[in-house]
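Engineer: At position 99 of the sequence shown the residue is numbered 99 (the UniProt record's numbering), and the sequence of numbers has no breaks.
Please keep in mind that the hints were generated in silico from the structure rather than gathered at the bench. Heads up, none of these hints are tricks.
Ranges of calculated distance between the beta carbons of each label pair, as one might list FRET restraints:
(1) Thr46 / Asp88: 25 to 33 Å
(2) Phe19 / Tyr74: 28 to 36 Å
(3) Tyr74 / Trp115: 34 to 42 Å
(4) Gly36 / Gly76: 36 to 44 Å
Every residue, glycine too, gets a C-beta built ideally from N, C-alpha and C.
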Amino acid sequence: MEHTGRKAPRYSDDHVVPFGTALVRGPSMEPSLRDGDRLLVAYGRTPVEGSVLVARFPDGAIVVKRAADRRTTYSGRPAWWLLSDNPDAPNAMDSRHRGPVADADVIGVVVARLWPRPRLLRPSLDEGSR
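Go ahead and model the full structure; you've got the sequences and the hints to work with.
Structural biologist: Here it is as structure tokens:
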């Protein structure tokens, strides 16, 4: 997954850019998303269970994963348990390996695949693995 910033881009100190893009790398989100898919990401949107998120793992890796359920971090902060749709993919990493992702480390909610095969993405736990 490629994402250029650590936080949502800003026009100025007072205005956050509401949308950005991300690029899927690897097969961990198949069949929902594939390597090379370009995504539209809404910054500041509140995730719900089943949403596809762009998030930062504690080691700094930026990932695209599905929000499976609410948890807390080891320090007690609110967090999301993020899972791959294809957990058997080579090198698939998610919360089973890295633990819950704090709310502050959720960069945005994926709202659409822009290219190829454009479509809106709606929250779904049917496509994800639990």
